[in-house]
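Student: What follows is each chain in one-letter form.
2 protein chains.
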Amino acid sequence: MGESLRVALAGLGTVGAGVIKLLDENRELIERRAGRPIEITAVSARDRSRDRGVDLSPFAWEDDPDALAARDDVDVVAELIGGADGPALNLARGTLNAGKSFVTANKAMIAHHGLELAAAAEKANVALKYEAAVAGGIPVIKGLREGAAANAITSVYGILNGTCNFILTEMEAKGSDFAEVLADAQALGYAEADPTFDIDGVDAAHKLAILASLAFGTELDFDSVATSGIRQVIAEDIVEARALGFKVRLVGTAERHGSKLFQRVHCCLVPRTHPLAHVAGSLNAVVAQGNYVGRLFFEGPGAGEGPTASAVVADLIDVARGEYGPAFAMPFARLSETGPADAGDRRGRAYLRFAVHDRPGVLADITAAMRDANVSIESMIQRSGADPSEDSDDVVSLIMVTHEGPERCVTDALDRLRGSQSLAGEPMLMHILDL
Amino acid sequence: MGESLRVALAGLGTVGAGVIKLLDENRELIERRAGRPIEITAVSARDRSRDRGVDLSPFAWEDDPDALAARDDVDVVAELIGGADGPALNLARGTLNAGKSFVTANKAMIAHHGLELAAAAEKANVALKYEAAVAGGIPVIKGLREGAAANAITSVYGILNGTCNFILTEMEAKGSDFAEVLADAQALGYAEADPTFDIDGVDAAHKLAILASLAFGTELDFDSVATSGIRQVIAEDIVEARALGFKVRLVGTAERHGSKLFQRVHCCLVPRTHPLAHVAGSLNAVVAQGNYVGRLFFEGPGAGEGPTASAVVADLIDVARGEYGPAFAMPFARLSETGPADAGDRRGRAYLRFAVHDRPGVLADITAAMRDANVSIESMIQRSGADPSEDSDDVVSLIMVTHEGPERCVTDALDRLRGSQSLAGEPMLMHILDL
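These protein sequence lines map, in sequence, to chains V and A. The first sequence: position 87 = 674 (our numbering), numbered continuously. The second sequence: position 150 = 737 (our numbering), numbered continuously.
If you are wondering where the hints come from, they were derived from the structure by calculation, not from laboratory data. Mixed in with the good hints, there may be bad ones.
Simulated pairs of lysine-lysine, BS3-like, Cα-Cα distance not exceeding 30 Å [stated by the list, open to error]: (1) A:K847 to V:K608; (2) V:K847 to V:K710; (3) V:K847 to A:K608; (4) A:K608 to A:K710.
Throw the hints in and build the complete structure from the sequences for me.
Tutor: See the structure below:
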């Protein structure tokens, strides 16, 4: 049995407490697998007195997380504070500069500063690990970095935010609208009081940028992720999508287009036969398409105490085993520079919902714009208004699915319709996942 | 850039040719990811003259595979010969004893001799890697060995044979019987001329024994895998299962029961809501249930040139990176001894189909046997015979789903019915996957 790997934990929220419980409960098994014991020696958090349901008395306490990196009884720091900058980033820099390994669940920090931190880890010849930052307990960082490493990856995409997937599948099950389900989810603790990062797609975009770098061997480029969320989805979209053979999912997609990268987080229509269509509730799932392996699909719990702790401790086991290397699968200096691909060139089908006034000429206006923009329509549904006895200025929905074509044509059609008297609201556009 | 990792390939069938193509096509990417080039230097196969669609002229040729291990220009041997014993095993022993790393796609050899080979690899401080041996291109060995390493695994199970899954899903799609679909599959090259290892569950059992050892930290115990295949499944089973809300799948299941191991390959009824129900065609899928992470699900291509080559080269990349350790996740001496759990103690529901003579008293006989064995019936279907105008000695099907109970009770009921005049054939038993 080797010497213990001595771990400092920074941040004692749900995940931090989970790591403490896991290392205690699975101690014997982990020691066999890691080849040596993994022991927490020191911890730091904002509030020393809070009851976290775990006994902190065996561990040294530091009020200042930065002090953890300097301790003689610490080999590796696990950061569970969160936030792209501030204390988490200070601690990451301090730990790596002190020549110690660093494990984190912090997607925002890796998405924004991963390259700098990877360089620091390489310089110090230590590990920088972040399995818990993407898709919680699913070992997808390892799956791309190592499992699929023999492949040129053509696309990587998935359901990367459990809160959004929970809301969309609840809307599907109950026929409710977004605002209603969000309120329920907040009451149940499935969504944060301020859910912006989740429901506007930012959290998914952080994870997507990380997956893209790993998959394609390109520098992290979070700023180029075109990001939108699920606020605009209404119950009707889900019903119509279902009638057309699709489920509505918030999907992050990254594709290599020559030397450029296409990265987008967007609501998509997923064909019922695609594995992502069966991902329900707060689960996450990632698909990687490789030029030799074909389509790999990983699914599991994307957040929460147990799954996130599982991923953090898996990283610690890799560190204990000495089985680690460059954070982004290759030395940071060999990651390619890239830039955003022009989404307009990308080909695909699209779902469009127009809220229109129910009066003569409206359909002609919209179909003319489609024709002028070279968009060909595969199917169209117009439902009569909810109450036909009301006056003729009722607003009704017009739903279209386009044939495959360049995305710029659909954008162009929507531009042509901007300000049109026929429209009673913003059109809803969702791309169809034909991967 | 480091020195090349020099690879010898033994066996130049489909997978061997795939490895050569992959290393050539993805050369630049692999060199960036592995930190150094991976080069084939020598090859061996039975027939030097056969056209494999790849250029062998850059490689040294050895008629005797054993000679590969002794070559000065070889760091690692990749074995793609197959077979539990014979040349493959000789080569494995020779390579590890020569202090060189060994990569294999050979599930039969690992299932039978994995422990001996793991010991030899540890003694020589080299790698023994076998990602391609289980579930083809899906990185499930890595997923268990490393990704889920923080967890006590309670069960690991999955669809481990693509030929069987192809046949079952074809039967489902076409309503055909087993023999018919098997003949089609053989004509199309999806099933071997001698399909025994696949359709009788032996191939899946090899893979299951390997997964169980990794998941539970127990010694390999292939001999204890209770194994059956898909020959007894008839079209009617699939139709009735569907009506009850299930799909029929050949599932390998391993569970830890105290210090004992339950391992079985068996046709199961999988609830439509379970991810395994959506695994179609020749895909493979593996589920691992961990005490912290919850349920992880991996799906992908389980065989074939590209996926298998992808897994072999992923192993070579780990070797090139120096990121490897004990073959079964922990030093072989720390794997627990175990023995087979008594399946009779295992609780679950079961599907039973009886071919019965359509005459008075039959139902009473069968239900009495169930009662006497303490089996409680959840649902029962009796369909009238195909042609009611025929005489009353028609054979009809009686289908039951039992309530959850110890498996020994169902076995006992079937024992009581053995030789009964009411039965017109062997009863069909499938367990229901309620995991």
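Student: It remains to establish, for every hint, whether it holds in the given structure.
Tutor: Evaluation of the provided hints:
no., hint, in the structure
1, A:K847 to V:K608, "holds (26 Å)"
2, V:K847 to V:K710, "holds (28 Å)"
3, V:K847 to A:K608, "holds (26 Å)"
4, A:K608 to A:K710, "violated (33 Å)"
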